[in-house]
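Engineer: Protein sequences appear in the order of chains A and B.
Heads up: the first sequence is residues 1 to 437, going by this note's numbering.
Heads up: the second sequence is residues 1001 to 1250, going by this note's numbering.
By construction, these hints were calculated from the structure, which means they are not laboratory data.
Treat the hints with care, as some may be off.
To be verified - PhoX-like cross-link-like pairs, simulated, lysine-lysine; straight-line CA separation at most 20 angstroms:
no., chain 1, residue 1, chain 2, residue 2
1, B, K1078, A, K394
2, A, K43, A, K58
3, A, K157, A, K123
4, A, K174, A, K66
5, A, K394, B, K1245
6, A, K394, B, K1050
7, A, K132, A, K33
8, B, K1122, B, K1190
9, A, K394, A, K423
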Amino acid sequence: MDMKDKLVSSFLAFENTVNVDAPVHDIRSQAIKIFEEKGFPSKKEEAWKYTSLKSILKHDYSVFPKEENALDFKDVKRYFLHDIDTYKIVFIDGRYSSHLSATTHDKMDVCLMSSALNYDKYKVVIDNYFNKIAKQDGITSLNTAFSKEGAYIYIPKNRLADKPIQIIHFSTGKESAQMLQPRNLVVVEENSQVQIIERHQSLTENPVLTNSVTEIFADKRAIVDYYKIQNDNQNASLIDNTFIEQQTQSTVSVHTFAFGGNLTRNNLNFYQKGEHVNSILNGVTIIEGKQHVDHNTLVHHTEPNCESHQDYKGIFDENATGVFNGKIIVNKEAQKTNAFQSNNNILLSDKATINSKPQLEIFADDVRCSHGCTIGQLDESALFYLRSRGIGQKEARALLMYAFANNVLETVRIPELKNRINKLIANKLGVNLGFDL
Amino acid sequence: MLDIKNLHASVEGKEILKGLNLNVKAGEVHAIMGPNGAGKSTLANVIAGKEEYEVTEGNIMLEGEDIEELAPEERAHKGVFMSFQYPVEIPGVTVTNFMKTAINETRKAQGLEEMPAKDMLKLIREKSELLEIDRKFLSRSLNEGFSGGEKKRNEIFQMAMMEPKLAILDETDSGLDIDALRIVANGVNKLKSDKNAVVVITHYQRLLDYIIPDYVHVLYDGKIVKSGSKELALELEEKGYDWIKEEIKA
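Bound-form chain B, shown alone (with noise of 0.2 angstroms):
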């Protein structure tokens, strides 16, 4: 699904992704962990293909296509997906509307004829009452005035809807109540399939209770510096990532 190799990014001049290797199949769970300034948003939005980062050596593979070169809506329409750590506000922009363009959008660029308005209601309807989303939310501006916890499922019901196979949670767990991080991550774990491949990127391990990864993996000064099982997680909420750090020097 997506091989990632030796990929340098930086920003403004500042080299932050430092030779980072990736390597996430169709239908697996990677978790991406690591302190803060490792370099685990910037990951996320190279991936996803925000302009600012400068892809300076390396590739990014999706299902053997490389697409460093892509748009980041040509990213989308392939499958890739990112939940935003921060999610904009757009006032102006209704939830509905806003996903009704996205996808009739994508599938416009994948040759495929608008949605008919019913099945969207529908589309809409199925994904919200996974998210536990009330219906009046859909018609408020996107992200205007919601809570932390709204955006965060406001992003996985998004998800929902495009289904992509690649979906990036950039710190999807930060801003959530125990009760909003069940709904999300059981929201998550549905979307789940073999088909699809599913990257969590958190600096703590409470989300990995309830989203559980086959991989786990250390992001440190812009390198993978330790990959395991899900075990790993937990020592590292157990003992910080000093340890890491100390290894890495030794």
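Next up, chain A with everything else stripped away, as it sits in the complex (with noise of 0.2 angstroms):
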């Protein structure tokens, strides 16, 4: 049975596990007949025409998690924010660890998509945001169809979070191969700000397929900053499927951090529905080995005066291959947009290969858009200018790569997390060196 036949299949056995007099049960039912429908992407769509998900389907992932699993929290502190206080949502092959966990219901909801879907208190928000924005395409209709866990922030107006929130999920092998598909949904209110950190941390050789959908709510005003920290095992893939929708001078940043998995695809989609909005989308890529990348961007300018950012950086060795597909849509009504995108990339291998397109959309006629690409290698008459200085061969590759995708950590506004990436980028080009540029 192939794995598209199996989760079709599993869904009579997922219904037993959830409530079926809940509102959503008949968003599932919708779903995962979508899912029945459309199936997984193949490489015949050109949305899909570089990745192709075909090796990873091959495994026979369990659909369910069978059993409670612990982790000791000194085991897996490195991959935790761990010199700042912060909340955690924390979840191990797909259920809550309560004992890694530090949630909050104090004036705001920082807690589980399980409760969320289940208890009246949070009927309204999930009427008026859940599944309002995530596509309706197969991949994400999967994600619906099992949405049972994940994180569940709601901001109400006029706070500001005290402490950035991480969610982490681990997966710890007790499978022979896992299927993971958490569901987060972020409502942030007028006028109020929060950041957000997210890791899917594989911990064991096994094959891990984590189907992540996320949909993150700005209203007026608000500022939603999103990280998502990817240096997942050689063994661990991730499609991640990410929904933002801006009201009026909102601002959201996401920035994506892909260093490393097995095949990694970024669906990251924002949609602009107010005025003066502010999209950022910064991404930095740096994988060697046969690992695979691919950020897929939308960013739709529907209303009058907003601006899009867009900065990618990507480094490829060895055999890595990179996808970078970005797409700007300026509404006819969206006059006066500033939407900008960039994506520059180095090549250290001959072998190393990055497919990069950018697509403009513009029906409006006064409008300031731009993108640039760029694929190169390492400048060698700067190398040898950095080794004359005394900088060893090996330092002053990385210095120059560091520099590369420097100015995008400029935008990471949690310093402790600023520091986090920079040793994480040291630690990847192999170089002990105290980086802070």
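Take the two lone chains, each set in its own frame, and fit them into one complex as the hints suggest.
Structural biologist: Next comes the structure, spelled out in structure tokens:
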């Protein structure tokens, strides 16, 4: 039985584990039908031309976590941002770990999707926001059908979340192959602010496939900073689907740090629904081996006087492959739009590949839109310059790569996170330099 | 300090240096002059270890050690410094962090501890004052958007920071106005001691009004064809290089 059939037939069993009287039941039932009809995307679809899921779908993934697994904090501490106080929503093999988590319902909700979907207290928010902007494509519908657990974050108006929120998913490898379908909902009301860090971490050599869906709603003047750390091991693959709706004068930034994993696909979609909205999409990709990272972005400008800024940097070594597909749509009404996109890449090996494709669909006439894409190698004369000052070849290369990616880090607003990313990059480049550029 | 014997070097198969000899002792300043295309910059780059240049014959001895096989960074660790004719712009790396990395990597290679941050700051302050460099300048990306003069001043600032045994100044005077020239020359003169040596490569004589050489050599067609005292530089300035070419032909 192939993975699609297995998932469809698992749906009945899944329904036995959830409350079918909850309103979300209809949404799930509808979603499994869509998945049944559309299935997994294939390379025939334009948006998946350079990313094939074939190799990762050949495993016989278990769809439900069978048992509850525990982890000691000390063993996984390094995957947390632990030098500052944060809220933590932690899942182990798809199940909530109260032991590793630190949540709150005090003046805001930082809690579980399973609670939000089942309790009346959350009904209004769920009715208004759940599955409202998630795409109706096969892969997202699959997640919707099995949506049960994940992070639920609700910040009521005029509130500043007092500390960053970390959402971490661990896989322990108790199953020979595991598929996870986390579902997150983030609602930030008027004048409120929140910072969120999301990480998926496999602790096993067994294959893991995560198909994650996150919906983010930023109301008027809300500010949301979302950081995705993708530094998983060789056998873990991630399909990340993120949908963001922004109202007037809101600012949402998403930083994606793709440093590892088997196959990573980021579908990042911004829908602007008010004026003077600012959307920021930043990414750093540093991969090697046979790793594959695909950034597929969409920014849809529908109202006048809005901005979007996209800056993706990629460094590819050995046989690594990268894809950047950035689409900007500017509706006829969206006059005075400023939309910028840049994608710069360094290929360190003859066998590394990047496919970069900007797509601009502009229907308004008074806009400023630009896109730029570069693909190059490290500058030999710069290397010699650094080496002539006593900096070793490896360090000089690392310094140049670091400098190349650095401006994307400048917009990270949690200093401790910035330090952590710096260290991850230094580690990735195999150097031990006190970079604080 | 530096002893170059019968040096032949080529780039992309084309021979540029054709049996060059040069002996520089500690405490000395040597000027190397010559017309365009004589091989002046090649000589500087070959000493610094640029890999495009292939040494086909002869050797380069630094304090009795053949450095020909060493990587550029290893030469730097042994005290070789080249002030670039065209310093490279490196966006994203600040002058300060570049220097911190360069000094600590050099110290590491020499088996020393990293320089404490406080000492580093003090050193940076001291040396930037010597070169009359604004502090704001130090937090800018290396050479990015610097004027020609700023780039050259920054090179000598790096030299002051690294305190090399052998400094090769490749056309450091080009692109400098008279004030910057004075500052740069003053910096070099302050750094001069009986323990180090300076090789000034220049097309024009004017830098030598400020950095007084002990010896002047004329490089022509890949060889040192004439050596003399500082008066030779004045003569070259006055008469140009043609008379040297005539002399060689004769």
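Engineer: Assess, step by step, whether the Cα of K1122/B is no farther than 20 angstroms from the Cα of K1190/B, and give holds or violated.
Structural biologist: Measuring from Cα to Cα gives roughly 18 angstroms; hence the hint holds.
Engineer: For a C-alpha distance cap of 20 angstroms, please report whether K157/A and K123/A respect it.
Structural biologist: Holds, at roughly 18 angstroms.
Engineer: Under the criterion that the straight-line Cα-Cα distance not exceed 20 angstroms, is the pair K394/A, K1245/B satisfied?
Structural biologist: Answer violated: K394/A to K1245/B is near 45 angstroms, above 20 angstroms.
Engineer: Tell me if the straight-line CA distance from K132/A to K33/A falls inside 20 angstroms.
Structural biologist: Cα-Cα ~17 angstroms, so holds.
Engineer: Measure nothing beyond the straight line between the CA atoms of K394/A and K1050/B; if it is 20 angstroms or shorter, mark the hint as holding.
Structural biologist: holds, 16 angstroms
Engineer: Are the Cα positions of K1078/B and K394/A separated by 20 angstroms at most?
Structural biologist: holds, 19 angstroms
Engineer: Regarding the pair K174/A and K66/A, is the alpha-carbon distance no greater than 20 angstroms?
Structural biologist: This hinted pair holds, its Cα atoms lying about 9 angstroms apart.
Engineer: Sort out whether K423/A lies within 20 angstroms of K394/A, counting only the CA atoms.
Structural biologist: Holds. K394/A to K423/A sits at ~16 angstroms (cutoff 20 angstroms).
Engineer: Are the Cα atoms of K43/A and K58/A separated by 20 angstroms or less?
Structural biologist: This hinted pair holds, its Cα atoms lying about 16 angstroms apart.
Hint compliance for this structure: hint 5 alone is broken.
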